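Protein chains: 4
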Amino acid sequence: MNSRETNPMPHVSLEIAQQVLRSQPFSQQLGADLTRFSSEGVELRIPITERIKQQNGFVHGGVVSYAADNSLTFAGGLALGAAVVTSEFKINYVRPALGQVLVARANVVHAGRTQAVCSCRIFCIDGEDEMLGAIAQGTIVALSWPR
Amino acid sequence: MNSRETNPMPHVSLEIAQQVLRSQPFSQQLGADLTRFSSEGVELRIPITERIKQQNGFVHGGVVSYAADNSLTFAGGLALGAAVVTSEFKINYVRPALGQVLVARANVVHAGRTQAVCSCRIFCIDGEDEMLGAIAQGTIVALSWPR
Amino acid sequence: MNSRETNPMPHVSLEIAQQVLRSQPFSQQLGADLTRFSSEGVELRIPITERIKQQNGFVHGGVVSYAADNSLTFAGGLALGAAVVTSEFKINYVRPALGQVLVARANVVHAGRTQAVCSCRIFCIDGEDEMLGAIAQGTIVALSWPR
Amino acid sequence: MNSRETNPMPHVSLEIAQQVLRSQPFSQQLGADLTRFSSEGVELRIPITERIKQQNGFVHGGVVSYAADNSLTFAGGLALGAAVVTSEFKINYVRPALGQVLVARANVVHAGRTQAVCSCRIFCIDGEDEMLGAIAQGTIVALSWPR
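If you read the sequences in order, they're chains A, B, C and D.
Using this note's numbering, you'd call the opening residue of the first sequence number 1 and step up by one each time.
Using this note's numbering, you'd call the opening residue of the second sequence number 1 and step up by one each time.
Using this note's numbering, you'd call the opening residue of the third sequence number 1 and step up by one each time.
Using this note's numbering, you'd call the opening residue of the fourth sequence number 1 and step up by one each time.
With the rest of the complex left out, here is chain A:
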């Protein structure tokens, strides 16, 4: 439907995207890993440990929202290049996040020259099961501030 969806700009490789992720101290704190960055979309993984939980033993909603924010930003990077930020997003939590790994999968829905609308789904991997935990959609913009 949009050429950017099937043929993202080739100038950001998985290696470069991983390097960007590694240069985010907060993502390093969380142990986040970028396991896909291609025309198929973006996949961001976060190991579920005690320290990212809330009071009931589930992954804190703020960690899930981090996964949405960051996977959307990287999806925007597929279309717009490495210098992008998330301008806004919306998230619906559908189930408490449990298990061993949080996986966010994001795609470009539509890309213009300076902004892209992206969507993502966040899953919890619990043993053999993969359950939907949240969905999000948002706008990613090419830098620079101020806009």
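Source of the hints: derived by calculation from the structure; they are not laboratory data.
Note that this is a predicted model, so its numbers are computed, not measured.
All clues given are correct.
For the chain B half of the interface with chain D, some residues (derived, Cβ under 8 Å), not all of them:
hint	residue
1	K90
2	N92
3	V94
4	V109
5	H110
6	V117
7	S119
8	L132
9	I135
10	Q137
11	T139
Here a beta-carbon is modelled for each residue, glycine too, at the ideal position from N, C-alpha and C.
Dock chains B, C and D against chain A, hints included.
Relative to chain A, chains B, C and D alone:
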């Protein structure tokens, strides 16, 4: 306009709310503190350190979204009691977050029996200045899952 | 992923859903038609006429948001039955809406007992072309008010 | 906090804004009127008639979302000039809309050079009462497409 706004249910005190926050391992990781929980609304503070930043030296958007998520949840708690979760929210980032402290201030916009719509603004305190960094609004629901 | 997605509650038929649509005076004003209401999802069509446009000759964003709101509500009805309302939604416009017909296609992303998270895409049919105009996601709740 | 908030660009007057509204066929269909367009914000009024209702006698959510979309756009116009569109918004419905008049009041939360984040509240006037019906926030961008 709504009696819940001016007269929140009295059964959750600042002390109890702080105890809930302290029982969230992820909030402890971030050094988050609840500095207001009253009919005036909720205030959540997070010290800005290197480890919550992204690659350009700003606070990671995921931390700002955590501040939105959690301050909205606590605001919902003003109206609905301690057993609440954020069902969904939307955030607009308006400026890169810089400075010494991130402050999220949230209020109840409207409360029903089982859910509350809340809004929040997230500021960066940088020396004497306080700058708006993001705004958010969302729905908080009284537990329990499944809904 | 969710049994409700592939096997929606059977008690609302396309005919009943169309009857609900016909009992909405505003939808009648717009000439809206429900062309699908099945496990495949919901499809709502609105003929593009001069009177639903804005000042630049495009379909007014408010009509596109109506299409989002209403198709999401009907999608919620697939999972929750006929007595549902949209509690909240978020829409991203990706392209000015032009052409002969506006088509909103909505699906259930996740359904609980009393609420469903649904998503939709709104397309413009212009001759042979079908272009994405907007995407939306939101929460639909089973009545009754107050909640 | 932002000079644009207290001192919007003076080059769009209430008269010009009303002229823009009158040039929107869909807004004319709804009988919408712009009753404020100043540094205080924007006020858009829609008389509640049978033909804007849904099946239960309430104002259709799609009309409320139109009021959000359009009042946000005009609020963006306060900061960015007359050539603006709503890029995205999110709405929470808090109460069924009833009464004689729907009133949307929107303000600029933050404005940059090319986009503004705005928020609005939508009220129902029913006799002497004014009740909150919905709140929304969104991004308004200065034209031109494509972005």
